[in-house]
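Participant: This is what each chain is made of:
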Amino acid sequence: MRQILLPDGSLDGESPLPTDHVKRLFEAMVTARRYDHKSISLQRQGRLATYAPFEGQEAAQLASVAALAPDDWLVATYRDAAANWAHGYPMDLLFLGRVGDERGGAPPEDVHCLPPSITVGAHMLHAVGLAWAAMLKGENRVALTMFGDGATSEGDFHEAMNFAAVYDTPTVFLCQNNGYAISLPVARQTRSESIAAKASAYGMAGVRVDGNDPLAVYDVTREAVARARRGGGPTLIEAVTYRLGAHTTNDDPGRYRTSEEEEAARRRDPIVRTRSYLEGLGEWSRGWEDAIETEAERLVDEAIERAEAMQVPDVEHVFSAMFETPHAGLVAQAEEAGR
Amino acid sequence: MRQILLPDGSLDGESPLPTDHVKRLFEAMVTARRYDHKSISLQRQGRLATYAPFEGQEAAQLASVAALAPDDWLVATYRDAAANWAHGYPMDLLFLGRVGDERGGAPPEDVHCLPPSITVGAHMLHAVGLAWAAMLKGENRVALTMFGDGATSEGDFHEAMNFAAVYDTPTVFLCQNNGYAISLPVARQTRSESIAAKASAYGMAGVRVDGNDPLAVYDVTREAVARARRGGGPTLIEAVTYRLGAHTTNDDPGRYRTSEEEEAARRRDPIVRTRSYLEGLGEWSRGWEDAIETEAERLVDEAIERAEAMQVPDVEHVFSAMFETPHAGLVAQAEEAGR
Amino acid sequence: MSERTLAQAITAGLDEALASDPSVMLLGEDVGVTGGVFRISDGLLERHGADRVVDTPVAESGIVGAAFGLAVGGMRPIAEIQFMGFSTPGYDQVVNHVARIRHRSRHRFTAPLVLRIPYGGGFGAAEHHSESWEAIYAHTPGLVVVTPSTPHDGKGLLAASVASNDPVVFLEPIRLYRSVKGQVPDERYEVPLGTAAVRREGRDVSLLTWGAMTKEVRQAAEVLAGQGIDAEVVDVRSLVPLDEETVLGSVAKTGRAVIVHEAPRTAGFGAELAARIGETCLYDLLAPVQRVTGWDTVFPLKRGEHHYLPSVDRIVAAAVDTMADA
Amino acid sequence: MSERTLAQAITAGLDEALASDPSVMLLGEDVGVTGGVFRISDGLLERHGADRVVDTPVAESGIVGAAFGLAVGGMRPIAEIQFMGFSTPGYDQVVNHVARIRHRSRHRFTAPLVLRIPYGGGFGAAEHHSESWEAIYAHTPGLVVVTPSTPHDGKGLLAASVASNDPVVFLEPIRLYRSVKGQVPDERYEVPLGTAAVRREGRDVSLLTWGAMTKEVRQAAEVLAGQGIDAEVVDVRSLVPLDEETVLGSVAKTGRAVIVHEAPRTAGFGAELAARIGETCLYDLLAPVQRVTGWDTVFPLKRGEHHYLPSVDRIVAAAVDTMADA
Ligand SMILES: Cc1ncc(C[n+]2csc(CCOP(=O)(O)OP(=O)(O)O)c2C)c(N)n1
Ligand SMILES: Cc1ncc(C[n+]2csc(CCOP(=O)(O)OP(=O)(O)O)c2C)c(N)n1
Ligand SMILES: [Mg+2]
Ligand SMILES: [Mg+2]
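Residue numbers (my numbering), protein chains in the order written: chain A, 1 to 339; chain B, 1 to 339; chain C, 1 to 326; chain D, 1 to 326.
Excised from the complex, chain A in its bound form (with noise of 0.2 Å):
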């Protein structure tokens, strides 16, 4: 497993970036766990539907994301609002999905970002073919798609990895191995040593690396991303993380871990870790974070109030984007609908 950042904050090995870049990965984690943290009390008001938080995955969505060009193709999941907004996804408009409004799958034009996928396994073939029309119109784009050890179990993976590899598609795939399928433990998933040994079934480069050490997954990312513009073909990327909340805030994972478990992950969490080493280098200080969270909680404040501050759709709004321009049938329905 690849590390860099040890737990403990020091390093093995050479940082592969800059300090003010990790002091804004950094920021960026904290940013994004506060969005986490607020989601999960919005839906406990009622102001947001079911809500997948990801904390303590926010290196292994931050760090990857921070090694794609703004051009290139975030094809994510439910749980990887953090990997969208630091790709450009706007906070607000991932809280709009979460609201139960359509109009959050709409990033603006230049965010390349298909909205979150709900379904699991389905969407990393979409990021084979964005990758594939991107080689065949000669532009050169990485289409980087996030997943979770769960999704390595359904067709759909297979299928997505075998196509990658046939056609030598500029895909990346980062799986973010948070120990479960919702209630399903890595282990009784599947019999592999790991989920990066499946990569050799498709004759491509996996690798596995500590997901909460934000500087190994960006470099292992780095790597994947440059291999796969140069031509070099698909990766399999396997972070190794925890997901330290419930599946969804419909969950209750004490029916299947137990707190001793969840307390050993808190120990490894990304935050805690590049903490310390922005710590050891001088680098932290409590002001510094808490401005950082000041500015977080504004930010997020700000985002779901412009989410709720969007007028309810009305009745239009549920026929009027199924096709470029609505049958008649269809028109015919909506004024149905409309009575």
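Hints are computed from structural coordinates only; laboratory data are not their basis. Incorrect hints may have been included.
Derived lysine to any residue pairs resembling SDA-like cross-links, with alpha carbons at most 20 Å apart [stated by the list, open to error]:
id, chain 1, residue 1, chain 2, residue 2
1, B, Lys137, C, Gly202
2, D, Lys302, B, Thr249
3, C, Lys302, A, Glu308
4, C, Lys302, A, Ala337
5, C, Lys302, A, Gln311
6, D, Lys302, B, Tyr78
7, B, Lys137, C, Asp51
8, C, Lys302, A, Gln45
9, D, Lys302, B, Pro313
10, D, Lys302, B, Ala337
11, A, Lys137, D, Pro22
12, C, Lys302, A, Gly338
13, B, Lys23, B, Glu297
14, C, Lys302, A, Ala106
15, A, Lys137, D, Asn165
16, B, Lys137, B, Gly179
Computed from the model, here is a short list of chain B residues facing chain C with C-beta under 7 Å [what the hints assert, rightly or not]:
id, residue
17, Phe163
18, Val312
19, Phe323
20, Pro326
These numbers were taken from a predicted model, which means no experiment stands behind them. No residue lacks a Cβ here, since even glycine has one placed at the ideal position from N, Cα and C.
Please arrange chains B, C and D with the ligands on chain A, whose structure you already have, making use of the hints.
Facilitator: This is chains B, C and D with the ligands only, laid out in the frame that chain A set:
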């Protein structure tokens, strides 16, 4: 790649089978090939529907099935008539299916073969379920499933391999890598170094064997069956062979492969190889093979005769096996159809 | 007799099936340790063991395909798909194998499995969690397709489904899991497959529905009663086989029909009912048959779902319309 | 103008689409080197290169899912499924993604792909090679579903499908590939999606059908003419969007309808037509609408398929029946 009987008819190591058993295998191969040739000519006469020849794959099919006990399950494909026949599927019923009659899908009670699968991929999961059922019921049964190289691209291959490994079902996955999925050569199906190599993605044993070497095929299958039977879990076997004929009687292989390639493959014909071996042992004579041929011809001719003598099904037949008892609506449709 | 919700009745039915027949087993995503995302199988792993209540990887085709093999091999698997929106990866196995093995093998092999699928919307869920795809199963020859709307039916239809030697798609209306209660016998009983239930007798108009919409339809019937319109409420309950006698008989009697379902209208199962009514009861009809359904759109997210789901008002209006047409 | 079979017309349409738009590409099993199992893409690999005409592994979900990504990424993929019976492994991608991305993203992303699926029986094929599952696509909001029955429509509907910014399921009736011939313009033209075609005008009864059954229906109309019954033949051609004006207008005019399709009857697309007729033309109807369809069974193998496929006789009998009923 495991080999015991080399292409020139000599042995590398010891035969796992006594000579009389090898002679029976030879007999079966010659008989099966007669069935194959007969089917092609019957199809040309319009007496069979599309037929998928297995010429060249006789060793892979017959030597592997030779390692099964009668109660073990065989879950194979449209191309595996030889295997099914060897496991007890009456030849007339195999013909009957190709004549275009569902009764061909009903082997006798004591024959543990599912009807040949026409879909590519799905049936591997059936073998997993059958093996799992045997395990749960404390029956000492193994399920062997046969499929092609092409089938390994389907999502269902992945899910079947994974389920078998996760639940340690006594399943043997036997891939006949015959070089092509219709027109697509294996090298363009996957970038994996071999099909057998895919086993490690599931933490499963994988073994590559010369599929035209009946002794090696028998040997690896026997090992896999034994492992499964003692609770050691599933195995993936890749039997490297070649389809000497067309994909089906509708196909023209000239579109996608050269005659040089075909001729080279003919030189690896498993029947030729086995003949050389037996000849070397002084156990073969032209007269003996002629006698086998004559008996095979009788067997095959009688089988097609019996199949064609089966009364053409009446309209009732279309409705009578949809449910245990047809419900009223279906009875009404049957009456309508009978009018 | 015990008072139970629909969810509790199904749990009781599963428990009983597992207890009474060693070949019955449960498999699906999270059905074991957590008791399923809806807690329907809560406690069953502890009670019946990990061989009989099996948590599977996230692989719907695997679940259905393995269940098929298990069933052919002599088990009676009850497979759960977490939400109907995730049933499509397993659809190929259902359509091409589960529904066909009996025919393919002339009764030599059968796949007596139950495929449980929670379905329907109305709880503000994320995309893919609110689908009603009963029509794509009803269109598949070889399947029995049923859906309970009462706790009594929840347990009784499940018992009949598990006992059936044919594969049954057992659709569980999510919205009713905890919102309906009723008396449920503690002992085993079956509600026969292929029977509809008249929930309210009436003379003027037949309201035909199934699953979660039975709730709005019953309410609509009360509203109509207040307006002097005597509606008959038929819970179709078994889409395949269809209880033509009860369903079409009701329309023949009243001369008017409103069909209510959540699924999109076009090629929904309501079309089948309308077609059969037209074939059988044309001369009894006093007004065109109406369909009050979901629209031909994606099921909307929370903020839009009230625009989509058939409301009591829409049902009432349609029924009133059929009266005016007379 | 050239005389072409349906197969040749589709080939010409594919060739033209590839030639005129560099973002068009073809992918599917065996579509390249062999030109497809039906030789529909014969010669296209040579003409347009391996980047544009792509042989894929045997993986239908992969084909549809990759085509989806290609389409969202700016290509115009034409994906082929070898036979409709093998479309179900890709059904999840169609239903949950292809049909929905526009709605999910409020027009921000679109998937303008064409999914070509040869379908229908009547040629004595193995199991899974004769299916007619148009209803499960028509029931999926967000898809256009069309099927040509003439060479002219084969090329023209394909051109319109490729040009469409919405995903189109393009169903190709296998039985007609080489059994119908007709004049086809050499230049590009479109047959608009959403339009039905009246193949024969008549006053007495409307015969509504699509795909391969148009053949038997046209023959039936001739037989009926001999019996003094003047049948109108409507080739529905576009199931979604449906040309209500032409289809329902015909029934309103004649007062009688026989719907003919190969698919199983229950919840087939014929039910939708019958339902709409009942809703719109009830007071015009002189007789119950009849459905002449495949049965609620598996499509039989060669020896049984004549029992299954709607025959000219059955169609004629149903039409005569509607006349008697008047
Ligand atoms: C096709 C499909 N099946 C089932 C589900 C229900 N479901 C949602 S998340 C999940 C577990 C996924 O686990 P994993 O891939 O490890 O991602 P994680 O939630 O841990 O991030 C399941 C089964 C789904 N969304 N899609
Ligand atoms: C699900 C599915 N997709 C496509 C087909 C059409 N088809 C029949 S055989 C075949 C190729 C299979 O190749 P392989 O698995 O190597 O087996 P082989 O024919 O070489 O024995 C294809 C694509 C099918 N039968 N089922
Ligand atoms: Mg996970
Ligand atoms: Mg092959």
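Participant: With reference to the structure, classify each hint as holding or not holding.
Facilitator: Evaluation of the provided hints:
A threshold of 20 Å between alpha carbons decides the hint, and for Lys137(B) with Gly202(C) the separation of about 52 Å lies outside it, so the pair is violated. With a C-alpha separation of about 16 Å, the suggested pair Lys302(D) and Thr249(B) falls inside the 20 Å cut-off, and the hint holds. With a C-alpha separation of about 13 Å, the suggested pair Lys302(C) and Glu308(A) falls inside the 20 Å cut-off, and the hint holds. Our distance criterion of 20 Å between C-alpha atoms is met by Lys302(C) and Ala337(A), whose separation comes to about 17 Å.
For the given pair, Lys302(C) sits about 14 Å from Gln311(A) by alpha-carbon distance, which is consistent with the 20 Å threshold. In summary, the hint linking Lys302(D) to Tyr78(B) is supported, as the alpha carbons are separated by about 16 Å, within the 20 Å threshold. For a cut-off of 20 Å, the pair hint linking Lys137(B) to Asp51(C) stands: about 11 Å separates their Cα positions. The suggested pairing of Lys302(C) with Gln45(A) holds, with an alpha-carbon distance near 15 Å, which does not exceed 20 Å.
Restraint check: the Cα-Cα separation between Lys302(D) and Pro313(B) comes to about 10 Å, which is no more than 20 Å; the hinted pair holds. The straight-line distance between the Cα atoms of Lys302(D) and Ala337(B) is roughly 17 Å, inside the 20 Å bound, and the hint therefore holds. For the hint pairing Lys137(A) with Pro22(D), the CA-to-CA distance comes to about 9 Å; that is within 20 Å, so the pair holds. For the proposed pair Lys302(C) and Gly338(A), the alpha carbon gap of about 18 Å is at most 20 Å, so the pair holds.
For the hint pairing Lys23(B) with Glu297(B), the CA-to-CA distance comes to about 18 Å; that is within 20 Å, so the pair holds. For the suggested pair Lys302(C) and Ala106(A), the alpha carbons sit about 17 Å apart, so the restraint of at most 20 Å is met. At roughly 19 Å between alpha-carbon atoms, Lys137(A) and Asn165(D) fall within 20 Å of each other, so this suggested pair holds. Taken as a hint, the Lys137(B) and Gly179(B) pair is broken in the structure, with Cα atoms around 38 Å apart against an allowance of 20 Å.
With a cut of 7 Å, the hint placing Phe163(B) at the interface with chain C holds, because the nearest CB-to-CB distance is about 5 Å. The beta carbon of Val312(B) comes no nearer than 15 Å to any beta carbon in chain C, farther than 7 Å, and the hint placing it at the interface is violated. A cut of 7 Å between beta carbons decides the hint on Phe323(B): the least distance to chain C is about 5 Å, and the hint holds. Nearest Cβ of chain C to the Cβ of Pro326(B): about 9 Å, over the 7 Å cut. The hint is violated.
Taken one by one, the earlier hints fail for this structure at numbers 1, 16, 18 and 20, listed in ascending order.
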